[in-house]
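Since the structure of chain C is provided, determine the placement of chain G on it from the hints.
The primary structure of each chain is shown beneath.
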Amino acid sequence: MAESYRRSRWSNGLFVVPYLSVFLTLLVFPLGWGIWLSLNKVDLFGGERFIGLKNYARVLSDPIFGQAVKNTVIFVGVSVPTLVILGLFLALALNKTTKGSSFLRGVFFASSILSVTIVTLIWRIVFIPNDGLMALIFEYFGWQPIGFLSTTGWSLFSVGVATVWWCIGLPMMLFLAALQQIPKDLYEAAALDNASRWRVLTRITLPSIKSTIMLVAIIQVVMQFQLFGQAQLMTNGGPAGSSRPIVMYIYEVGFLRWDIGMGAAASQVLFLIILCAAMLQYWVSTRKEETDA
Amino acid sequence: MKALNYSPEHLTSNRRLFWIAALLGLIMMAPVAWIIGLSLKDNAELLKGTEAVFSFPYTMENYANILKSSSVFGWFMNSMIVAVGQTFGVLLLSSLAGYAFARLEFPFRKTIFIIVLFGLAVPEQAVIIARHQMFNWFDLHNTHIGLILPNLSSAFGVFLMTQFFRAIPKEIDEAAMLDNTSTFRIFWKVLLPLTLPAQATLGIFTFLQAWNDYWWPLISATKSDMYTLTIGIASSQTNFAQSEGLGFLGAQAIFASLPVVLVYIFFQRHIVTAVSGGAVK
Chain C
1 MAESYRRSRW SNGLFVVPYL SVFLTLLVFP LGWGIWLSLN KVDLFGGERF
51 IGLKNYARVL SDPIFGQAVK NTVIFVGVSV PTLVILGLFL ALALNKTTKG
101 SSFLRGVFFA SSILSVTIVT LIWRIVFIPN DGLMALIFEY FGWQPIGFLS
151 TTGWSLFSVG VATVWWCIGL PMMLFLAALQ QIPKDLYEAA ALDNASRWRV
201 LTRITLPSIK STIMLVAIIQ VVMQFQLFGQ AQLMTNGGPA GSSRPIVMYI
251 YEVGFLRWDI GMGAAASQVL FLIILCAAML QYWVSTRKEE TDA
Chain G
1 MKALNYSPEH LTSNRRLFWI AALLGLIMMA PVAWIIGLSL KDNAELLKGT
51 EAVFSFPYTM ENYANILKSS SVFGWFMNSM IVAVGQTFGV LLLSSLAGYA
101 FARLEFPFRK TIFIIVLFGL AVPEQAVIIA RHQMFNWFDL HNTHIGLILP
151 NLSSAFGVFL MTQFFRAIPK EIDEAAMLDN TSTFRIFWKV LLPLTLPAQA
201 TLGIFTFLQA WNDYWWPLIS ATKSDMYTLT IGIASSQTNF AQSEGLGFLG
251 AQAIFASLPV VLVYIFFQRH IVTAVSGGAV K
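Protein sequence lines correspond, in order, to chains C and G. Residue numbers are given in the UniProt record's numbering: position 237 of the first sequence equals residue 237, and the series is strictly consecutive. Residue numbers are given in the UniProt record's numbering: position 232 of the second sequence equals residue 232, and the series is strictly consecutive.
Just chain C, with the same shape it has in the complex (with noise of 0.2 angstroms):
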């Protein structure tokens, strides 16, 4: 009987069955359709034509694809620092374990576990002309009015704000468990060199959790580049396209104009450019430690 327990057998494969029927039919197949789908014009009554890459043309030559593609990449470019830099700001000045920093780490993850919905309400409240938080703390200090989500110079910034609020936990989180692995006598070495305590965060501390920050820069790389909610409920991607980003785009096509193959060829776009900025982290940090060793 035991041998049977740890033979391989075909029955013992039943217990993934469900799972993977799920995993094929909704994740597998649709990956492989719209891919098909992205190759072929769609009419919303049914019926495909297969046209090849005409649906990449026309999106790589839509300047409002482009347009989306460049405030992804700027809102990437800023809010990713951003959250890992702030993350590990706070996750250093908050490992210890008084109530003091306990209570703000709660603070600070609090927000994680909200709906993008509730975020951007939130926020646009905080945002509106005349009645908002910071119209008051504007008016407060005689500072001449800004509008927030209806300049273009703004309105990306305030979808950003909005955004590190609402993802710092993650981060956060992630850096303090990295933190706690780190061997104790490592510092009671340094204790014992004297060692400054920016020598130690830096020869010691961020060393020690780098594949840490790599890996926190990738999740967020790999979200923040699929955007849509805020942008969405907090500008609808204006004013004039410039807080417009990518997935907003393939919601506009797909589900708005139901131009279903361009829509479909748009997120394997986005899909391929996450997977390369992805790679891209990746391989520069581990080429990194190959030169570093």
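Read the hints as simulated data drawn from the structure, not as lab findings. Heads up, some of the hints might be wrong.
Restricting the straight-line Cα-Cα distance to at most 20 angstroms, the calculated cross-link-like pairs of lysine to any residue (SDA-like) are [to be verified]: (1) C:LYS210 to C:LEU256; (2) C:LYS99 to G:GLY25; (3) C:LYS99 to G:LYS223; (4) C:LYS96 to C:LEU201; (5) C:LYS210 to C:THR82; (6) C:LYS99 to G:LYS189; (7) C:LYS99 to G:MET28; (8) G:LYS189 to G:GLN209; (9) C:LYS99 to G:GLN268; (10) C:LYS99 to C:ALA177; (11) C:LYS41 to G:ASN136; (12) G:LYS189 to C:ALA177; (13) C:LYS99 to G:SER182; (14) G:LYS170 to G:SER182; (15) C:LYS210 to C:GLU252; (16) G:LYS223 to C:LEU256.
The following block gives chain G in isolation, referenced to the frame of chain C:
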């Protein structure tokens, strides 16, 4: 005394950093405090100027109005059904699969596991258009089932449960095997009870994700009586401020986040394990 000063904690953090973090914490909480303030004010008074937030009188009227408004309550129920359904589905599928991947031998086990792990890398956007079409074929839009199904395919739960089953000492199932117990009974009676903490972690995590899901309900639930709370609140945001007033909108935000905030307060530890345990290994 000197040695104490040089404890590891002392070297990684200090007071000044803590106070900066505390200041950032205040900034973090300010928007929420602002919304709570608004939700407790009379809408007509807010129209004259939102400075009114800082002075009496306060009222619970906005919350009472939510309970009277039938649509918000219906959305709440939809969210509950979808989130609970998804949680049970994910727990069931992931436990079965996780057990098999961690403990049993069957043909192509390793290959299948690696393919499933690749599923972690597929963003929702890459499949959402095709999924939407598929659900069209089977008339699943605007149904609870249609809202529950897609996220059951997430590989995260399987990955997590496989890790948890691997962590259980092998001696336990070996002892059960001596008693001639069937594979399913070992899973159901012996190992599954041991994974209860893991089930709680994954369950809470899935519940939160389902409750907050936005993309899929947005395109699948198009009839207002099938809206989940996230979509319903989003739809009432479009005609912002004018219609119901800022106080009512604020109260809606607070009401809609109540379940997740309660879950967070009671299960904070599990949530932290779920988000950091899965990633830092």
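Right, here's what the structure says about each hint:
no.	hint	result
1	C:LYS210 to C:LEU256	violated, 43 angstroms
2	C:LYS99 to G:GLY25	holds, 14 angstroms
3	C:LYS99 to G:LYS223	violated, 47 angstroms
4	C:LYS96 to C:LEU201	holds, 16 angstroms
5	C:LYS210 to C:THR82	holds, 17 angstroms
6	C:LYS99 to G:LYS189	violated, 40 angstroms
7	C:LYS99 to G:MET28	holds, 18 angstroms
8	G:LYS189 to G:GLN209	violated, 29 angstroms
9	C:LYS99 to G:GLN268	holds, 15 angstroms
10	C:LYS99 to C:ALA177	holds, 18 angstroms
11	C:LYS41 to G:ASN136	holds, 18 angstroms
12	G:LYS189 to C:ALA177	violated, 33 angstroms
13	C:LYS99 to G:SER182	violated, 49 angstroms
14	G:LYS170 to G:SER182	holds, 16 angstroms
15	C:LYS210 to C:GLU252	violated, 39 angstroms
16	G:LYS223 to C:LEU256	holds, 16 angstroms
In terms of the numbered hints stated before, the structure departs from hints 1, 3, 6, 8, 12, 13 and 15, listed from lowest to highest.
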